Amino acid sequence: MQMNVRIRAILIALVILLCIYGLFGLPKFPSSFAQVKSNFSDRIRLGLDLKGGTHLILQVQTEEAVKQYTDQTLDRLRKQLTDEGVHFEEIREPDDQHINVVNVVTDLTGKFQDDIRQGYQDWELAPTAGQVSGYTMSLRATAIAAIRTDTMHQSVETIRRRIDELGLTEPVVSEYTRGQDEILVQLPGEGDPTRAKLIIQAGGQLELRLVVGGRTYSSPADAYQSQANGLLPPNTELLAGREDRAPGQPGSSADVYYLVERYAPVTGRDLRGAKSVPSSDYPGKYEVSFSLSNAAAKRFGEFTEANLQHQMAIVLDHRVYTAPVIQSRIEDQGRITGGFDLAAANDLALVLRSGSLPASVKYLEERTIGPSLGADSIREGVQASMVSLAVVMLFMLVYYRLSGLNAVLALLLNLVILLAALAYFQAVLTLPGIAGVILTIGMGVDSNVLIFERIREELRNGKPNPSAVEVGFNRAFLTIIDTHVTTVVSAAFLFIFGTGPVRGFAVTLVIGLIANVFTAVYVSRTIFAWHLARMTREAELSI
Amino acid sequence: MLEFFGPVNINWMGKAKFFVSLSLLLLAIGTISLILHGGPLYGIDFRGGTLVYVRFVNPPAVSVIRSSLAQGGFPQANIQAIGNINRPDIHEVVIGLDERELNEQKIDAGRQAIEEALKRSFPVPDATKPDLNAAGASAISDTLLRRDPLGFGAAATDRYKAIASAITGFRDSQRGGLLAGVDDLRAPLAASAEVQAGRGGADAVLAVLRDSFTVGSFAIRNVEIVGPKVGAELRQQALLATLYALGGMLVYIAFRFEWIYGAAAVLACFHDVLITLGLFSIFRFEISLTVIAALLTLVGYSMNDTIVIFDRIRENLRIMRRERLADVVNKAINQTLSRTILTSGLTFLTVLVLFLLGGASLRAFSFAMVVGIVVGTYSSFGIAAPMVVAWYRWRGSEGTVGAGSLAGSRGR
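Top to bottom, those sequences are chains A and B.
If you're matching positions, the first sequence starts at 1 in the numbering used here and goes up one per residue.
If you're matching positions, the second sequence starts at 1 in the numbering used here and goes up one per residue.
Here chain A stands alone, though its shape is the one from the complex (with noise of 0.2 Å):
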């Protein structure tokens, strides 16, 4: 046999020695064995299903954000075409993607069309049918693609700051590919994922409004009746909140509304910190106190200023939390009262830290695996892997003697391997991962045993020893490259289309076959080599 034994073994040793680093690190003498066995769990790193943990899937409701981005064009439009004294008659919503302008004043047409040509490049112009001078304005699929992708992005930003404020191990916060605009929150090791959910979910927009009129509404039907012609004033809206009074106290417990202004003159953008401190007015309770940068504070002392005496309404995602009356002027620190016990305050000021999420979000998915549910698998994974890998190798070590041992040096290297590349891959190795490695062993198994076969029927057919060890691994080689290309393009495309656990599968499989190939032909052989070197040409093959 043509083979340079000594330059193979060299080879083997490399990737032993490889996987060994990329296992347990570089031994450091002396070093005790819980060393060692910290190194190994630190590499390989555990799905939750494996080491318990929460497992989340939000869906962010994009649609809202398209919607608020039409709301803001028609503003815009709106605003321009006045100023222009470009005269409509109405201009409307008809749905989240759409735009109305109807009744175009005639001879402006042509410079209402270069209006929405220069300066609305994401919308689509076309006359409304069965209008004279009406016109449809279409939010473009590429716009509505981009304000999608765009807020998915802040969201997972968002979450992934709030998450990290939680001081957890390793979270993680990431888009999910398996339905649309979904996310994917994984919280190690944490068993009660309310205070988590919560978090995540909070809205997170806060906004300072001036109150208009001065008092407040018992209903939205009080409020329109309340004013001179029953409609409210312009760019005011009515808001729910609360009464601002002392938790415990007697009073209604029903929502109150107010009718602020429109326009916030700040917003959670210009909050430079939050913290949650003891509450002044209420004693064991907290309230959030938020300061601003140094721009906003300017405009903020302005805004102060040029309204003493009014209500200014501090709204917390569109809901009017506490509406103090300006004293005086204020520069950069506010406050927002409620009664809050600490947990609730101190997660209120990490929401305001985050910033605020462009859209809300669902739930649509929950697991959550106890540690003890984690142990309980490893313990039973492991217990039936060692059993099932003890009754494969004693099988082979009787049935195939000495070759039997080349075989149960060629299957824990494989395994070796395995777990080595998924510490280099940092995979993450999950309970569909365990049923890839117990297929991988099941065709560690199937490879040697093919390949012995083949070696016995060489033999039975006369040949001598080395040339019915190389037809031996010639022919059987083809047919492992056929059974391995077969399963590797499978579990390919497993990856590709499927998503969590059956990924999971695929990977420690493909990884575990290529090994395969690696351990039951190109080591095997390299040691029936030496052994046959070794061997006078007479002597009988122990197989």
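In short, the hints are calculated from the structure, not lab data.
For clarity, every value in this text was computed on a predicted model and none was experimentally measured.
Watch out, some of these pointers could steer you wrong.
What the hints assert, rightly or not - Capping the alpha-carbon separation at 25 Å, the derived lysine-lysine pairs in BS3-like fashion look like this: (1) B:K229 <-> A:K67; (2) A:K67 <-> A:K79; (3) A:K463 <-> B:K331; (4) B:K129 <-> A:K285; (5) B:K15 <-> A:K67.
Chain B: place on chain A using the hints.
Chain B in isolation, oriented as in the chain A frame:
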């Protein structure tokens, strides 16, 4: 040389009719069961709904849980005790709520109702204190840090963290997540180096724990909530991924052999999956994402087996140009028979061990594997190979198959 099987000479293709009838019978039984049960029994992943696994110190009265849940507004809750032959001391119950009871806006409403019902039925001894069985390592270490029972003073943080994780580690991996009382912790605490380093020892720590925590009689081990939309999405995606994978294999085999070989191999795999699904329906195992992984694994095994035989057919075709294809195929199956039996036997043994020792979380998975290996091995010679022979016989080229393109151009 230890050998179980010498050279054999079995006319496999002569029994093709028997094999096909057997397969049709199995498929029919599975289909009837599927029809009677109204389709496959999907697990929560594919169905949507809420599942809460609860472990109890003492065997719980299911009727108590049921009436408490009915009070909480979920009279239809499905409550099942999970037995474990290997661990008779473990009492676990799984409470399931249907997908119809999920609230789109607030999908964890069911879980909260279940938790409250359990707290009502199995109250902790002292409701003012946190439950030690539900406490995380950080809560325990915070408490210890505040009370400092071992007098560590300034250097306490890391030490109490280590003690707290020793406590949760013992609770979760030795006691299955459930302590019967604070005194259970005496042995692991006494063995801890950190505890030994402080004054007061295990007794001081136990006293603080007893003072600050109460010990509840149940622990929630696992919660799964899957929204209704997700279930349908997952079902579709798993199906698509599997179909694409089968398609990919078909193309590769068609490229390496001939298209009929690819078609036969994929059809055989399909046959295996269908029979396994039928057996799942008969034995009322639920189809979860893990089971999908098992089905994919068995597709891998079955494909592997089939290709080994096909490879041998291809090799034989080059040297047996004058023989009938049926004979060539018979010879290939006989030549690889020892390998087939050894490999399948060994892998069967492996998954049988998994089935018997693998615990509840792997039960459905290993069942699929046990069935799959038997069926997958059988389908290689019982379905895939006869299909290839039947195709060439139908084409009328049986006698001169040696001149076919497979033997000529595509060989080595």
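Checked hints:
1. Distance hint between K229 (chain B) and K67 (chain A) is fulfilled; the C-alpha atoms sit about 23 Å from each other, no more than 25 Å.
2. Proximity of K67 (chain A) to K79 (chain A) is assessed by CA-CA distance (about 18 Å); at most 25 Å being required, the pair is judged to hold.
3. A distance of roughly 20 Å separates the Cα atoms of K463 (chain A) and K331 (chain B); the hinted pair therefore holds under the 25 Å criterion.
4. Of the supplied pair hints, the one linking K129 (chain B) and K285 (chain A) holds, its CA atoms being roughly 21 Å apart against a limit of 25 Å.
5. Pair hint K15 (chain B) plus K67 (chain A) does not hold up; C-alpha atoms about 68 Å apart against a cutoff of 25 Å.
Going through the hint list in order, the structure does not satisfy hint 5, though it satisfies all others.
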